[in-house]
Amino acid sequence: MSQTLTEKIISQHTGRHVQPGELAIVPVDAVMASDTTAPFAIKAFQEMGANRLWRPDKVILVIDHASPAPNQRIGNLHTMMREFARDKGCRLYDVGAGICHQVMVENEHARPGEIVIGADSHSCAYGAVAAFATGMGSTDVAALMHTGKTWLKVPSAIKIEFTGQLPAATAAKDLILFLVGQLGTSGANYQAIEYCGEAVESLTLAGRMTLASMSVEMGAKSGIVDPRGLELPYPFEPLEADADAHYEKVYRFDVSDLSPQVSLPHSPDKVVPLEEVRGTSIDVAFIGTCTNGRLEDLQAAADILQGQQIAPHVRLIIAPASREVFNQALERGTVEILSRAGATFITPGCGPCVGTHLGVPGNEEVVISAANRNFQGRMGNPNAKIYLASPAAVAASALQGVITEPAEVGLPAGDPPEKP
Amino acid sequence: MKGKVHRYGDQVDTDQIIPGPFTKTLNTDELASHVLEYLDPEFRSRMNKGDFVVAGENFGCGSSREQAPLALKASGVAGVVACSFARIFFRNAINIGLPVLEIGQHAIESGNELEIDLESGTVTDLTAKHTYQAAKMPEVMKKILQEGGLTSYLKKHGNYQL
Chain B
1 MSQTLTEKII SQHTGRHVQP GELAIVPVDA VMASDTTAPF AIKAFQEMGA
51 NRLWRPDKVI LVIDHASPAP NQRIGNLHTM MREFARDKGC RLYDVGAGIC
101 HQVMVENEHA RPGEIVIGAD SHSCAYGAVA AFATGMGSTD VAALMHTGKT
151 WLKVPSAIKI EFTGQLPAAT AAKDLILFLV GQLGTSGANY QAIEYCGEAV
201 ESLTLAGRMT LASMSVEMGA KSGIVDPRGL ELPYPFEPLE ADADAHYEKV
251 YRFDVSDLSP QVSLPHSPDK VVPLEEVRGT SIDVAFIGTC TNGRLEDLQA
301 AADILQGQQI APHVRLIIAP ASREVFNQAL ERGTVEILSR AGATFITPGC
351 GPCVGTHLGV PGNEEVVISA ANRNFQGRMG NPNAKIYLAS PAAVAASALQ
401 GVITEPAEVG LPAGDPPEKP
Chain D
1001 MKGKVHRYGD QVDTDQIIPG PFTKTLNTDE LASHVLEYLD PEFRSRMNKG
1051 DFVVAGENFG CGSSREQAPL ALKASGVAGV VACSFARIFF RNAINIGLPV
1101 LEIGQHAIES GNELEIDLES GTVTDLTAKH TYQAAKMPEV MKKILQEGGL
1151 TSYLKKHGNY QL
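Chains B and D are the protein sequences, given in the same order.
Sequential numbering from 1 applies to the first sequence in this note's numbering.
Sequential numbering from 1001 applies to the second sequence in this note's numbering.
It cannot be assumed that every hint is accurate.
Listed below are several chain B residues computed to face chain D (Cβ distance under 8 angstroms; list not exhaustive) [claimed, not checked]:
{"id": "1", "residue": "E47"}
{"id": "2", "residue": "M48"}
{"id": "3", "residue": "G135"}
{"id": "4", "residue": "M136"}
{"id": "5", "residue": "S138"}
{"id": "6", "residue": "W151"}
{"id": "7", "residue": "S186"}
{"id": "8", "residue": "G355"}
{"id": "9", "residue": "Q376"}
{"id": "10", "residue": "G377"}
{"id": "11", "residue": "G380"}
Hints were generated in silico from the structure; no laboratory data involved.
C-beta: ideal position from N, C-alpha, C; glycine also.
Let's have the full structure, built from the sequences with the hints guiding it.
What follows is the structure, given as structure tokens:
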């Protein structure tokens, strides 16, 4: 019987042909927890009476959410993680290594056809490498660290086909914001999303991570990007959905005429074409996160800001997704362009996205952010307003001091970045 | 279980249940002291132990933070009733032993007296004299909830039983 890519991956892991709606106990390939979720996971692991990790090489801890530690309490939680990793022999990526999802993909802890569970809702990002990946909470992850297995309801799938090619002034972020606007924050609840189509095939790994990471913003369990066109630094055999697989729903969007998109405060699904809010004054511009903190995102900003100065009243904060990204951006001169334009670089990690530190906005301040969520209080202040957009739109807005389309200020985002 | 209703709307996300900056602690009382802080700053002073949080669609959307159901439970909330839930929150709530009941469209109002029966999955609005039937949970979830959460479930069974 024909299967979706999601069903295929789960079937391969359970050793039997699974169908949507049935419950399955699945062995996983890797499990991840961050400094927001690992402390409770470690506590639950101990309370379960567990001692040894199921596979120390498959348990990954990452310090990224409040990194480096902003206060004593968090410093002690980080210490707890380091001690646990040392004691149990698992891998810990410490301060500055980067955002858990970037680290997982860069270091090949999440690979095509695998099942990877992370204690972070954006773990669906590994769908970018055609893995079945989903977020769970600390106790589920503790159970995984202990047993290597979890239970799940095999999800039915929604197929999203993006036909045509993205216009030059748009990026993967505009695609996914558009989709979140169409489906809403619960439009894919409990379901798997499978992305495909011409516009998806030509996306880089970075663009695929932008897409997959925001699947959870529609309530999806997972978001797998069709591996056609996927390039990885290691050989892999791509699994594909059967041509006649059954999907709960199929959406086709021709994106040839897509314009830059923006999510209005305070929900990622309040999406309008960016031109509708052009001219809105901003105070903070933020580029980073598991959704948009990679080299091509930084480069898109640098293409716009090269030789320019951001508006004097704007703070432009940049958090590279990983040390690797930061190093690459250093080597190619991207960091220098952005820094000379007035950007402030902070530690590779989640940065101000979760509102813990490194850029909490003031009351009534307006933020334009390349992140994935703009819920009220998301960045640590319920009295701030957050707009979500592509890195190019964030850079253009930082330059002008008001929400601005990338095409208005120079190179469109889609142009091939040039080495300075 | 009987208690008073605190009614909220649709899309109550995890940043409203427990804002990110307050999640970095193992102290559940500390979590409880910030529960629903951005949504309803008066909640803590108004609620009594055993009360219910009742909401609309997609309760708990957003982050995977287990601190969200933990904060509600530690503050004394006896359970959450909603039209629908976001999946990670629902799973986390069961895993930490906080009853969650999905009842579809309802007309339960703040201040009403509510009775829930976990065995039968019924939610009765004693004030409006109306009973709702909650969606059936997978058997494995029911068992986890009966054991008081996933930690004690695994301690007892050693592994998952379907």
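Hint numbers contradicted by this structure: Every hint satisfied by this model.
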